[in-house]
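Asks: Sequence:
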Amino acid sequence: MSQAAVQDAEPRTGVRVRVQKLGTALSNMVMPNIGAFIAWGLITALFIKAGWLQGIFPALRNPDGWVAQIGGWGSFDGAGIVGPMITYLLPVLIGFTGGRMVHGNRGAVVGAIATMGVITGADVPMFMGAMIMGPLGGWAMKKLDALWDGKIRPGFEMLVDNFSAGILGMILAIFGFFGIGPIVSAFTRGAGNAVDFLVNNDLLPLTSILIEPAKVLFLNNAINHGVLTPLGTTQALETGKSILFLLEANPGPGLGLLLAFMAFGKGAARASAPGAAIIQFFGGIHEIYFPYVLMKPKLIIATILGGMTGVFINVLFGSGLRAPAAPGSIIAVYAQTASGSFLGVTLSVFGAAAVSFAVASLLLKTDRAKDDEQDLAAATAEMESMKGKKSSVASALVGAGAGSVNTIVFACDAGMGSSAMGASVLRRKIQQAGFGEVKVTNSAISNLTDTYDVVVSHRDLTARARQKTPSAAHVSVEDFMSSPRYDEIVEQLQRTNGGGGVAVLDDEPAEAPGDDSGADALPLSSIVMNGTATSAADAITEAGQLLVAAGAVDPVYVDAMHERENSISTYMGNGLAIPHGTNEAKDAIRRTGLSFVRYGQPIDWNGKPAEFVVGIAGAGKDHMALLTKIAQVFLKADQVTRLREAQTAEEVRSILMSAEK
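For the sequence shown, numbering that gives the first Met the number 0 assigns the number 0 to the initial residue and increments by one for each residue that follows.
Read the hints as simulated data drawn from the structure, not as lab findings.
Wrong hints could be hidden among the right ones.
Once the Cα atoms are required to be at most 16 angstroms apart in a straight line, the calculated EDC-like pairs of lysine to aspartate or glutamate come out as [said to hold, decoys possible]:
#, residue 1, residue 2
1, 585, 603
2, 142, 160
3, 585, 562
4, 607, 477
5, 585, 541
6, 428, 366
7, 297, 366
8, 467, 449
9, 428, 486
10, 265, 366
11, 428, 487
12, 141, 160
13, 150, 160
Sequences and hints are given; from them, build the entire structure.
Replies: Encoded structure:
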């Protein structure tokens, strides 16, 4: 039974990731201030010399009237609101936001001061300059504060804080005036000349070859907010409109693609396309159609040709927007359409949709591949992976056609420690949500069968798990103790199962009254209150030697623990690591055993701080109940504090073994 896949971001490296991060940073500076761009666009549309009010009421063309005063034209040339907003307000807001992103309010203030330097040192609107000086101001203020953090005498904090911000702001403003401002001005003029060249030579439609694939790969923010918005705003200031605002924001190509799926798609893709089309066209959330392209990459041809059509029509009619349309909704597009451009903009949107629909329909009709729910779910997961976080609109895609979830398996390399711990945490969350009928188990990947509805695994093991269980939905996690993906699984159960039942424990052995297996598996001699290791490798050896000394494993098992760690990290989260051997090393286990080592100084465990290391050797399933108890301890901050403050081995064992399930 196919389910919606929810997946952590895969490890991302390379140029694409760096461009994505740059685009995200630029977007985070611009998007919070889109309201100001909209306000400026509306004021411009209403009050400039060729604005809407004068078109409707010719009597308002008086150069000494209130419309002229607001618009800054006629005898009031240079005054008004339009000019100062784009010259000062919008760049300062961007610089303020960029500084706050880096160092809170102090960074924001210095970023705004620094931005004023580039504004006054340039002859074009300084959006690019603000995107440089804002974060630079925040970063410099952060570094300066760190120099004397904790070293200021009481009573002098405000004096030092205020003067350091003021002096740094002054220095950066001067640097921006003489250094960054002229450079950005030259770049802006050069980029503007390049755009003029493309327009004059009828080459502007070719930009869709770059922009449409960039959107699907989440590289569009760097292009849109880093280049098109600054250039478009400068162009709009001079001519009252810009075609550049429509290169990326045109909702037509995505609409045509989704309409094609409504007509010729199959399975979940066809079922979800109508809702996705509404979200994309009216809500302006273009990422809703990205999984459809990722599912069938050849469909990028449809969006490219649709985008080229839209740009060509806008060039033909000389149409454009007064300000950015964000999000890319048809409502936002019309709100920013310049007077005299409504026909061209309308034709560009629906012309792009028509071409995209025609090409996508042809490709779908001639496609022989089977299209089902799992294709869309996997593509949605891939889209979230590239984005680097959960998509806010993904449920509109993966929710369609999904059936109830009955079995979930947590898979790891050995099926001994990580999966048992993760399954215990996930099982508790699912039961607390009222879905006790859902069976949660754990398994080694090598033992998986394609009979599960959902498979949960470490993100570095998901590809292997997918080979064993291709029909299941796959969820990738990294933090086993507190992964946000667990909550997303519960949310999915609420959508697919439609209610909860009586909580039951599945495949989780419980200890019988009076059973002292906990004491047998974790003897006091295997508890070390102050470990001596200083690295993860040494800590694994220290925990493994305790298992050897207790007679639980043969010495070769320690080597298998290192081999397991080299494959996948055994860091669980909340300061806990649970090193254990590989699946092939189970023959070296004599009996179930645990060891516990506490470290006063956290050990760097593949970039994560590990204070507690629990070595594991599991024979059969008789260690599962013990791991369940340990998991419940490390889910509670007060219990972790008790372990941190424990004075004796007896106290540690009591805390670990007395946890409630």
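Asks: All the hints need checking, so say for each whether the structure fits it.
Replies: Each hint, compared with the structure:
Between the alpha carbons of residue 585 and residue 603 the distance comes to roughly 27 angstroms, so the proposed pair goes past 16 angstroms and is violated. Our distance criterion of 16 angstroms between C-alpha atoms is met by residue 142 and residue 160, whose separation comes to about 13 angstroms. Taking the CA atoms of residue 585 and residue 562, the gap is about 13 angstroms. The hint holds against a cut of 16 angstroms. For the given pair, residue 607 sits about 11 angstroms from residue 477 by alpha-carbon distance, which is consistent with the 16 angstroms threshold.
For the suggested pair residue 585 and residue 541, the alpha carbons sit about 19 angstroms apart, so the restraint of at most 16 angstroms is broken. The suggested pairing of residue 428 with residue 366 is violated, with an alpha-carbon distance near 42 angstroms, which exceeds 16 angstroms. For the hint linking residue 297 to residue 366, the alpha-carbon distance of about 10 angstroms falls within 16 angstroms, and the restraint holds. For a cut-off of 16 angstroms, the pair hint linking residue 467 to residue 449 stands: about 6 angstroms separates their Cα positions.
About 8 angstroms separates the Cα atoms of residue 428 and residue 486, which keeps this hinted pair within 16 angstroms; it holds. A threshold of 16 angstroms between alpha carbons decides the hint, and for residue 265 with residue 366 the separation of about 11 angstroms falls inside it, so the pair holds. Of the supplied pair hints, the one linking residue 428 and residue 487 holds, its CA atoms being roughly 11 angstroms apart against a limit of 16 angstroms. The straight-line distance between the Cα atoms of residue 141 and residue 160 is roughly 11 angstroms, inside the 16 angstroms bound, and the hint therefore holds.
For the given pair, residue 150 sits about 12 angstroms from residue 160 by alpha-carbon distance, which is consistent with the 16 angstroms threshold.
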